[in-house]
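**Student:** Residue numbers (the working numbering), protein chains in the order written: chain A, 1 to 182; chain B, 1001 to 1125; chain C, 2001 to 2176.
Keep in mind that the hints are not guaranteed to be accurate.
[Claimed, not checked] Derived DSS-like pairs: lysine-lysine, alpha-carbon spacing no greater than 30 Å straight-line: (1) A:K179 - A:K110; (2) A:K51 - B:K1022; (3) C:K2009 - A:K103; (4) A:K155 - C:K2009; (5) C:K2131 - B:K1025; (6) B:K1008 - C:K2050; (7) C:K2009 - B:K1003; (8) A:K110 - C:K2009; (9) A:K31 - C:K2009; (10) C:K2131 - B:K1058; (11) C:K2009 - A:K76; (12) C:K2009 - B:K1008; (13) A:K31 - C:K2050; (14) A:K52 - B:K1058.
If you are wondering where the hints come from, they were derived from the structure by calculation, not from laboratory data.
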Amino acid sequence: MESTLQQIHSIMNHQNAVLVYSGEFNQDIVKSMLNYAEGKLTATGVDDLVKKKMFNVMVEMLQNITKHQFTSDQEKIVEPCFVLIENEEDFNVVTGNPIRTDKITLVTEKIDKVNSLNPEELKEFYKQARLNSRISDVGGAGLGFIDMARKSENKLEYGIFAIDSDEYNYFTLKATINKLAN
Amino acid sequence: MEKLFIAKTEDTPEIDFCPDAKEMKITGRSLPEDVTTFYAPVLEWLDVLEETPSGHFKLIVNLEYFNTASSKLILDILMRLEDIHTGGSNTIEIIWNYDQRDTDMEEAAEEYSELVEVPFTIVGI
Amino acid sequence: MNYTLELQKVMTEGNYLIALRDNFEDLLSRSVLTIIERKIEGEEIDVTIKNKIFGVVVECVQNICSSEQQHASKKDSVLLIRRVDNGYLVEVGTLIHGERKARLDGMLNELVAMTDDALRLNKNEILSTRKELTLEQRDFLALADIRLRSEGNMKYRMEEHEGIHFLVLEITIYNN
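Could you build the full structure based on these sequences and the hints that come with them?
**Tutor:** Given below as structure tokens:
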């Protein structure tokens, strides 16, 4: 039988994952993940600009899962997860967290919208969204997603997976950052 | 003789060797991968000390943690001190402080004290 | 992205805190430690235990996983940390090549059979040589250190996946 080490190693190998963290997220953990990524990027020898992009996207995504790691009543039916992937030409930052089934459409529509825009439109949309969020405070209006898409300069990818719950699904989000600065 | 000071980092200790106070202090954590480069100035300083008769020196170790690569270099330092002590240019005394809850560190200090012939005091703090 | 959920499942079931796959270059061992430190600092553990975990991870990353890096560009090693009843388990797997495999096989066999006193004696003998350490001596020092720190709770096995030899060490540190 395959050992757990083999199981994890084999998934990591196939996905080119370099770090997997699953468990509670708090500011200290976020900081140490950032620290690790920084060391990693320095070792890879990428441009400072790429480092900065990566850092920004990671901060946004890690804070996002820190916020959404619990289900409504501070309970945990599934652990949030953070995966860092290094491919030949780019890095992926992937997060997973529970999502209320009735919120799925709302979230995926926001991402689809963000993905449909070109960089210029995205910039405009960001300004608009920031303005709107100040006035109406409708829970960020997807500011986070806009920010991730702008900083990563690539489309966001997402997935929705069934878990053992009626009310929740598992939501995964992936951002891609090119190793070569444009 | 000149003072030797190296500030502490996340993986290297503070080195504070002061000829006026006749004290040599090593404080913090030691886990660099390239230990040889890090400790080279320390060993050089000890070479100068050997040539400079100036009295009674104390080595004060306050190490929280060290890796096996450092453990070799630490013994190199202790052996240099032993050379100096037995050579007669200066007398040496070693004071090794450790967190008294850390039994592994206490053991490590005891092992070192058995490996070198220099007055050696181990203090649990 | 189904793998995210899959990893989460395997990790949660096994109480894993973190999994790293790398060739553990210089800079990285420091950040590995930072993560672990942050992670275990929240849990009230004794300073001896903390230093033991630290020590074991440092030796794994700096010596077991990184000596003789012929394939430095590949991510040949994996390091997992999991919580077990009354302690922590550090699991490390690293790709090893022909000569090192034979050498480590023999060394580990010998090492696990040694008494603590014999281990210390051998360790001190190596430390007392005033020469640069050989790769073999470095391996021995690291493994002896791991065994002593874990109070003998070090298991090893050789695995073969996809034609590649893998040395796996399982080290348990118990809260007394």
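**Student:** Decide, hint by hint, whether the structure agrees.
**Tutor:** Against the structure, the hints:
1. A:K179 - A:K110: holds, 27 Å
2. A:K51 - B:K1022: violated, 46 Å
3. C:K2009 - A:K103: It holds: about 23 Å lies between the C-alpha atoms, which stays within 30 Å.
4. A:K155 - C:K2009: holds, 27 Å
5. C:K2131 - B:K1025: This hinted pair holds, its Cα atoms lying about 25 Å apart.
6. B:K1008 - C:K2050: Between K1008 of chain B and K2050 of chain C the Cα gap is close to 20 Å, so the pair holds against 30 Å.
7. C:K2009 - B:K1003: It is violated: about 56 Å lies between the C-alpha atoms, which goes past 30 Å.
8. A:K110 - C:K2009: holds, 28 Å
9. A:K31 - C:K2009: Measuring from Cα to Cα gives roughly 24 Å; hence the hint holds.
10. C:K2131 - B:K1058: holds, 26 Å
11. C:K2009 - A:K76: holds, 13 Å
12. C:K2009 - B:K1008: violated, 41 Å
13. A:K31 - C:K2050: Roughly 20 Å separates the two Cα atoms, so the pair holds.
14. A:K52 - B:K1058: Between K52 of chain A and K1058 of chain B the Cα gap is close to 47 Å, so the pair fails against 30 Å, i.e. violated.
The structure fails to meet hints 2, 7, 12, 14 from the earlier list, while all remaining hints are met.
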